[in-house]
Amino acid sequence: MNCQQTLDMLSPLHDGELSADHRESVEQHIRECSSCAEALADFKALSSLVRDQSDTDPPADLWDQLESVLDADSTCGASVAPTGTCAPTRTWREHFRSSSRTKGVVAAALIAVFGFAIIIHNTTEHGHDEHLAVNFDQFLSEFPKSPENAQKLLHANYPSDLVDVHQAALEVKYRPAVANALPEGYTLDTVHLVRMPCCLCVEALCTAPDGTRLAVLEHDVDQPVWFGDRPTEQCDCNGRAARLVRFDGRLAATWKSEKRFLTIIGIRDEEELASMMQHLDPPEA
Amino acid sequence: MTDPLADIISACQSNHRIAQQQLYELHHRRVYRLCVPLVGEQDAPDITQQTFLKVFRTIQQFSGSGRFETWLHRVTVNECLQHIRSRNRRPEVALEVEPPEGGSETGAAVESAELLQVALDRLEPELRTIFVLRELEELSYSELAELLDVSAGTVASRLNRARTQLKELLTQLGWES
Chain A
1 MNCQQTLDML SPLHDGELSA DHRESVEQHI RECSSCAEAL ADFKALSSLV RDQSDTDPPA
61 DLWDQLESVL DADSTCGASV APTGTCAPTR TWREHFRSSS RTKGVVAAAL IAVFGFAIII
121 HNTTEHGHDE HLAVNFDQFL SEFPKSPENA QKLLHANYPS DLVDVHQAAL EVKYRPAVAN
181 ALPEGYTLDT VHLVRMPCCL CVEALCTAPD GTRLAVLEHD VDQPVWFGDR PTEQCDCNGR
241 AARLVRFDGR LAATWKSEKR FLTIIGIRDE EELASMMQHL DPPEA
Chain B
1 MTDPLADIIS ACQSNHRIAQ QQLYELHHRR VYRLCVPLVG EQDAPDITQQ TFLKVFRTIQ
61 QFSGSGRFET WLHRVTVNEC LQHIRSRNRR PEVALEVEPP EGGSETGAAV ESAELLQVAL
121 DRLEPELRTI FVLRELEELS YSELAELLDV SAGTVASRLN RARTQLKELL TQLGWES
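Chains as they are written, first to last, in this note's numbering: chain A, 1 to 285; chain B, 1 to 177.
These aren't lab readings, by the way, just hints derived from the structure by calculation. Glycine included, each C-beta is placed from N, C-alpha and C at the ideal position. Check each hint, because a few of them may be wrong.
[As the list claims (entries may be wrong)] Interface residues of chain B toward chain A, partial, derived using beta-carbon atoms under 7 Å: (1) T48; (2) F52; (3) S86; (4) A113; (5) N160; (6) K167.
Between the sequences and the hints, there should be enough to build the whole structure, so can you do that?
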């Protein structure tokens, strides 16, 4: 057994995860090699360090804050289905840092950003389209490999904020589609507000029962440019028109909701699309 | 004999507030203790709260076929990683810790806890997570593999990388083992 082989098994040795045979060989090497023995001693010291620092208690009033949020949930009538009138979920620290002054600064900043964005939009619309196509092409290419990395790419190009559906509803002034119940077994993992050139977009990551991830984007304006030159297909999904794009064995689809557009990325097939459409955007009664 | 935890979980699935408080009392220290090294002491209360909100909002999906603690670990880790990624996108002034000058009193002035947190913050989130789960929760390699959806071999190599890199980071910060 040489040093590299020993170092590769150092964590399993330290954690008691080596078989008896391997343990004997590794320990034999360590008895004869001061360098590997020192590496093992470092691992033991790290364990002591982290375990010694782990006895802090959480704030005593954390449950009270949590309960107030749960109460707000109950008032809203559903665990993840807020209405536009419900207060946003506020975390422990946010109870202490919210102020009207902050809101004023944020509002002024938003006005400034939007004002500037309108001017830029009018002068460089074509450039935006090119950037959008490139950015979304990267997003779609990355999504099947790592939805998180794809999301990271998107957020690197467009300012975004992690929110919950309550906060999203208050910001965009409508009830996001992802506030509706998802099909059974699906979970809503994250919701972001992404400041796209077209609009403030609600972007959500969901997990399907088989563990695959889906992105749902809700936007004010149709965005065929997102799919660049990829071939599109028209699909009649239970009597509703959707535009489909195939990529890496998955589907992306866009359809018009009542007042906005919904785009879903990463679906398996048309059947899953129909199910998601039915839940996210149920037809008017 | 009925399992008291199963009863509490079942009541939580009906949004029973007393049961929610019981579940919180049983597990919030463990969740907080994981959050501190993963996201830092400043953000740990927020993330502990977010974790329990997620637990109560999604507990209907907990089928009871696996251990509740494993499910709770997964929710906690997901909330922490989500927070770390979100925080990493925001421009922040990096916290600078001056390495102590050799043999001076400076080394003693910087607490080990602070050094550890700075070093952990500089470790890749995936390495930080596996190291903290192993050290604090003492999860076996097979439990870590299941929780993180990787092979046992990957668990071993990630733990090796985590420990080696953490030791290097701490040494750069002036820590002496």
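Consistency of the hints with the structure:
Annotation: T48 of chain B was flagged as interfacial toward chain A, and the flag holds, the nearest CB pair being 6 Å apart, inside 7 Å. Hint status for F52 of chain B: holds, given a least beta-carbon distance of 6 Å to chain A, under 7 Å. Given the 7 Å rule on beta carbons, the hint for S86 of chain B holds: about 4 Å separates it from the nearest Cβ of chain A. At its closest, the beta carbon of A113 of chain B sits 5 Å from a beta carbon of chain A; the interface hint therefore holds under the 7 Å criterion.
Among the interface hints, the one on N160 of chain B holds; its C-beta lies about 5 Å from the nearest C-beta in chain A, closer than the 7 Å criterion. Because the beta carbon of K167 of chain B sits about 5 Å from the nearest beta carbon in chain A, less than 7 Å, this interface hint is met.
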